[in-house]
Structure formats: structure tokens, C-alpha cells
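Taken in order, these protein sequences are the chains called A and B.
Using full-length UniProt numbering, you'd call the opening residue of the first sequence number 1 and step up by one each time.
Using full-length UniProt numbering, you'd call the opening residue of the second sequence number 1 and step up by one each time.
Please keep in mind that the hints were generated in silico from the structure rather than gathered at the bench.
Since the structure is predicted, the reported quantities are computational estimates derived from the model, not experimental observations.
Built from N, CA and C at the ideal position, the CB exists for glycine as well.
Please note: incorrect hints may appear among the correct ones.
What the hints assert, rightly or not - Partner residues aside, some chain A positions facing chain B, computed with beta carbon under 7 Å:
(1) 51
(2) 71
(3) 72
(4) 75
(5) 81
(6) 83
(7) 87
(8) 89
(9) 91
(10) 100
(11) 101
(12) 103
(13) 104
The lines below spell out each chain.
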Amino acid sequence: MMIELINVNVYYGIIHALKGISFHIDEGEIVTIIGANGAGKTTTLKAISGIQRIKSGSIMFNGKDISKSSATDIVGLGISHVPEGRRIFSNMTVMENLEMGAFLRKDKAEIKKDFNKVFELFPRLLERKNQLAGTLSGGEQQMLAIGRGLMSKPKLLLLDEPSMGLAPIVVKEIFEIIKDINKEGTTILLVEQNANMALQTADRAYIIRNGEIDIEGRAEDLLKDETVRKAYLGG
Amino acid sequence: MNTNLFRRRNILSLFIIVFLYIAVQLMSNLGIIDSYIMLNLIIIGINIILAVSLNLITGFTGQFSLGHAAFMSIGAYASAIATTKLEQPFIVGILMAAVSAAVAGVIIGIPTLRLKGDYLAIATLGFGEIVRIIGLNVDYVGGATGLNDIPQYTNWTWIYFMVIATVLIIKNFINSYHGRACIAIKEDEIAAEAMGVNTTYYKVLAFTIGALFAGIAGALYANYFYFIKPDSFGFMKSIDILVIVVFGGMGSILGSIAGAVVLSIISAFLQSIPELRMVVYAVILFLIMVYRPNGLLGKFDLKDLKLFRKGGKVNAGIKGE
Chain A
1 MMIELINVNV
11 YYGIIHALKG
21 ISFHIDEGEI
31 VTIIGANGAG
41 KTTTLKAISG
51 IQRIKSGSIM
61 FNGKDISKSS
71 ATDIVGLGIS
81 HVPEGRRIFS
91 NMTVMENLEM
101 GAFLRKDKAE
111 IKKDFNKVFE
121 LFPRLLERKN
131 QLAGTLSGGE
141 QQMLAIGRGL
151 MSKPKLLLLD
161 EPSMGLAPIV
171 VKEIFEIIKD
181 INKEGTTILL
191 VEQNANMALQ
201 TADRAYIIRN
211 GEIDIEGRAE
221 DLLKDETVRK
231 AYLGG
Chain B
1 MNTNLFRRRN
11 ILSLFIIVFL
21 YIAVQLMSNL
31 GIIDSYIMLN
41 LIIIGINIIL
51 AVSLNLITGF
61 TGQFSLGHAA
71 FMSIGAYASA
81 IATTKLEQPF
91 IVGILMAAVS
101 AAVAGVIIGI
111 PTLRLKGDYL
121 AIATLGFGEI
131 VRIIGLNVDY
141 VGGATGLNDI
151 PQYTNWTWIY
161 FMVIATVLII
171 KNFINSYHGR
181 ACIAIKEDEI
191 AAEAMGVNTT
201 YYKVLAFTIG
211 ALFAGIAGAL
221 YANYFYFIKP
231 DSFGFMKSID
241 ILVIVVFGGM
251 GSILGSIAGA
261 VVLSIISAFL
271 QSIPELRMVV
281 YAVILFLIMV
291 YRPNGLLGKF
301 DLKDLKLFRK
311 GGKVNAGIKG
321 E
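Just chain B, with the same shape it has in the complex:
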């Protein structure tokens, strides 16, 4: 398996990854990419991390969560406290964000993941509100006015490599033995249990990994926009993330990336008329549900791209009847 690392395709994808990074960085230095475009690139990056991590929970493991913004919020506050109040470097902020969101994921996951479907959605929605209201009432984090003067550490480099890390880690998780267990739970929980899959463990595991990356997204957000307040991470933010996942395709990482890019751009164009934004979202979702009920990319995913396909798959040949 290790030799696969050095296959031509992997070298090619590595090359593309590095090239894209350098290209944008250069264009940014030369002023071709101005601060407005950069702002949108950062937003796209944050949305990709949020959508891919929620997709792990909702799309791959089948656990319907409406509280993803709460994990982002926890990460944002953790990083803001680390970098502002404790004057730590950004990496410490990101680590604190990841750890605290993941811990919250475990604590919330263990009791709520016994619930199914609508009940889980309501419980996670409640969790999101609890986090928001705690934020509003704790003076240490500024209450309703939020935290100000957070140092701006997030830049193209951080965003880019955090997105790459998120996508790679979650992709590898899904393709692993453990990922297969998560997909089995989504497919049929009782059958998964009958196969010996410890369903509670894997649901909490997926929830925790998802929460961890949402926390990182929160850190990147806080350390880019200087200031955060509890209301930035309310119910609507969770819905925003869910819309990206559904739009792109449940259970498709590539779909989440595409969804994040498309919806972030649409949302940037609608910046001046915010009232229209939700209307346009609704129309887009409606069209997607009618014409592509499995999402923009449906089941098409990274592994279907030639670039990411592993060499020498045994599955060639035998087909159909």
C-alpha cells in the first residue's frame, strides 16, 4: 500500500495541489487577486471544510444534524480566546478549536446519537441554540457583543492547507475500514449491528471527527474576520451548511466542494440584496430536488475522477448479466 504513495497519479495530484497554491499566492502578491476576491476564497475554503465535515456526519453516516454551526462556534471562540486573551500563536488557537469542538462532539454525540431521524435533528438543533445562548450570557467572551480585535492570522496558506488536510483526512477515513462501518450504518443500521458493527461507537466517531473539522473552520473564521458574536453561528448558519451538503450531494465529498464553491459565489453576488439570498437558495434547492434529487454531483465522487483513482483496481471486467 505504501508504494501507492509514489504512484504517478499521486505525484500528479500533489503537483496540482502545490501548483494551485503557488498560482493563487503569486496572483495575490501581484495584485491580480484583490482583497475582495481573497475574502471570497477564504469564505469558500471555510465553507468547504464545514460542508465536507457535515457530509461525513449526514451524508456518509446518515445522522441528520442541525447543529453544525455550534461546533464552528465553539472552535471560533476557542481560537479567539487562545489568540486574543492568552496571546498564543495561531496554531495553538487551531488546536484548541479542534480539541474543544471534538470534545463537545463526544459529549453531545453520546446521548443524542441514540435518537434517530427527526428526533436527532431536533436534539442537535437544541444543542446549537444552547451553545448560542451560553455565548450570549457569558461575559468572559463578550456576551451579545461578542469578541473583538481577534488577530487576523488566517490567510491563503492556512485556508488552503486546512482545506486540503480536511478533504484528505475525511476522504481517507471514509475509504477505510472504519469509514465502511459508517456507510453501513447509513445504509441499514440494524444490518450493520447484525454484522457486529458497534453502531454507537461509529456514530459518535463520525460526529466527533465532523465536529473537530467544524471547529477548525470556526478558528479560521474567527481569525479572519477580527470579530465574532454568538449570533453569527445560529440556526441559519447550520442550515446554510446543510444546504451546501444537500446541494452538492449527500455522500459525495467532491459534491460538497462544488456546492461550497457555487453557493459561496452566488451568496457573494447577492451580498447587496441579502433579503433575496434565502429566496434564491430556496429556488436553487427546489430545482436541485426536482432535477437532481441526489444533489449536484449525486454519487459521483473523488474516486470517480481519474486523478484520484488508485491504480490497478481488480474490479475491472465483470459487469452486469
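With the rest of the complex left out, here is chain A:
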């Protein structure tokens, strides 16, 4: 088991956002968390990456409890969070954005290799490497956000709604790349509202409702599951 959440509780003030969430991800998997707006998907990712403090429970990453570690330390351990809504640094160039992704790394030669890897995955970023990130299209910005996330050389990549606001064809492209990234050895936790796409891409899935894990199972089984189809896939 690469990462395991055990009974994690998160509160926003008096609002109980995550009600004792437990799940795990094995090395090499793509796991997706799907669910409606406000179910706690983003909060789960924030809790893992240390941006949101948890109230109780534990988050074990490769056998180490990271629930009290700072966001900086967690990035250093090998978890990279690609936040919802892309959140690229729009007044920096594409290259500078990628450099920020490698902020904690000191191995300059390796960083250079990883630039090239990112450019291989996203050739369009290479074409635009000196362009201000804010001038990129939505799809390119999402590619940049993922590329930036990869620059910290993560063992586990957390993706928060990579399909948000993108045209279907671009979504398809992005999900293909997500599979490629996974094939090259990065474990992926994917949070999505686009349940159909997410279930087609992932190995396993958890469906989250009101801060609790509602259903879990293999992605392909859930795709066929009658209740899941009705509730999340539009019949």
C-alpha cells in the first residue's frame, strides 16, 4: 500500500466536511474519487497534500504518518498536488511555471531531464515555453498544471478535476496523457466530476457522498453498476 487514509476527519469551522474517510491506493494504480459538488473530493486531496489540516485520523504514506507534516515536507516526500482550476502562475512564462514545480529539488541535471520528459508528454508546452502562462488556452493551462506537478518528481500525483471547463476532445487528450504518466510509473489519485471519463481511465474507484465513502470497487464494475449509472453517469 502506497498511501492509506484511516478514519480522516476534516472540519471547516463547524462544518464536518470529511466524516471518517478511509481508503488506500496501491503503487502503480490509478484510483479515482468521484462524487457530486461539495461531497468532499477536493478536501480529501487537500488533506493528503497538507494544505488542509485534518482534525483526526491518520494518513500513512509509504509507512509514515504524514497527517501532521507541512505541505512543503509532503511535496518533498513525493506527493504532488495539481490543484482544482489549474492555478498556474499566469504572469510567469511556461518555463518559469515548470521551474516552480521543481522548487524543492536541487539535482539540476535531473531537473533538466524532467523538463524534457514534460515536453515529450506535452509538445505544445515546448512550442510555448517562453509565453506567459496566462495567455495559454484552457487545455494548455491544464497541461501546464499537470507538467508543473510532475516537475517535483512525485511518486503519487493528485489530480483535482483535470477536465474542468475543457472541450470534450481536449478532455480525452488529457486523460490519455494521464494514462501515459501512470504507465511510466507514477501512481495517480484522480478526483473528477466527469465520472464516465474517470471510471474509464481508473483501475479502482471510490464514490464519495456527503463526506463519506459511499461505494467502492473496480472502475469497470462501477461503470456497469445500475445504481452508480443512475446516480452518477446519467442513466
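Starting from the known structure of chain A, arrange chain B on it as the hints suggest.
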């Protein structure tokens, strides 16, 4: 990287820096620059230091501070005490000013920089008032009448080289690895955090460096005008500095320098009608916001001047589609 120091451009900028210094010094000795012009040059210099240091906090790191005059005040009092009461040389006064303002920056920064936007502005505003009121009530520093008979050590040489030092240090900080982290925080704090940037650390760092230079500006001020009082460093002074930064362009050092020069000159012309000063400021700000919302120079900065551009940038070529 070290070889860059001796590049032609660097030698050229060094030459210009030295030339400007000698030229003004000579003209001052010959009486072409009289004491009134010198007074304004000193004010411009102090304003440049204040604006550039606030720009680091507000323009580059994105932390909206309304308490910059308080750091200046702390520096002014520290230097005044060092040079007057303890009879130390000016350099000791400047060092004390820098250290005490920086320490205040850390102490205030750690709790307040958890706040964002308006809340941070209000907290720093409160801090400025606290400093002023402490000054008013401590007899050792003269209370409301302030400190008198501070030796006048500040001259063209001090001002000039302190301005150069401030600009160079802050420019290099911004272009460094750490500076990039500060800019990332301004751009998107959550994303910066997700990249592993220790946001609290860098916010406090920027705040402290900014405070340190404001303290130096305070020392230069105190040791030029003979006397200081708490009310000289009130809320309006903080606003004055902020106006320079916004006027010149948030996130442009060159803009802050230009803003300090332009606004100091305007303010000198309006000396005889002080009631008009704030009105004119308001009109200027209004015009800037309408016609140049990014400030006088916007994003144009030192690095865009040929003179300061580093040789052989790899970024040539690839452009657009």
C-alpha cells in the same frame, strides 16, 4: 555566473552609477545644486528606498501592508537614539535602525501574515498606530514633542549609496530562487503551497527585508531633518509610500523609482499649498488607474532596460504560435 560581474554592461552601469554620484557631488560643491535642490534629492532618495522596499512586500509578494511608515519610524528612532543619546557614529545608527526595524518586521509578520487581503491591511494599519502611540507616550524618546538635535549626518553620499544598495539588493533578491517563491505567492498562494513553497516563511522573509530597508530610510530621515516626532510617521505617511508604489507600478522596481521621483517633485511644488497636495494626489491616482491600471511603468522593469539585461539570454527566438 561570477564572470557576469565583469561583463561590459555591468561595467557600463557601474560607470553610470559612479558618474552620477560624482556629477551631483561636484555640482553641489560648486553651488549649482543649492541646499533646496539637495533637500529634494535627499527626500527623493528616502522615498525611493521606502517605495522599493514596500514594493517587495506589496508588489512582488502580494501582501497588502499599510504599516510601512511604522518601520520607518522604528528605524528613525533607533538611529536617533544611537547617534544622539549614545553618541555613536552614523553607521551604527543605520545598523541599529535596520536591525530594529527588521526585528519588528519578524515579530509583526509572523502573526499577521496568516491574514489575507483586507484583514492584513487592517492589522498592519493597527500596528502603525500602535507604534505611533507608543512613541507619543514614551518619555525617553520625547513623547509628542519628539527627539531634537539629532546630528545631521545624512548627505548626498549616504543617500546615494543607500539607494543603490537598496535597489541592488532587492532586485537581486527578486531575481533569485527565493524571490521567485515570493512572486509565486503573489500569483497564487495555494499553487505556491502545492509546489512546496513554505508560504509563511517567504511572506515573513519579504516583510522583514522590506521592514529593514524602511528602517534605513528612517535613519536617513532622522539624521537629515534634525528632529523627529511620532506624528511624522503616521497613517498618512504609509499611504504616501503606497501611493508611490501603486503610481509607479506594483511589481516594478523601476516604477517605484520613477514614482518616487515624480511624486516627490510634485509634492515639492505643492509645498506652499499643502491643502492641495492630497487633492492633486487623488487626481493623479485616478488618472493612473484609468489610463494605466498597472501603474506608470506597469510590468516594465530594470531587466527590460538594455543596460541591466544579462548577456546571452537563452530566451531569444521562440515566440507565440
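Structure versus earlier hints, numbers of those that do not hold, lowest first:
none
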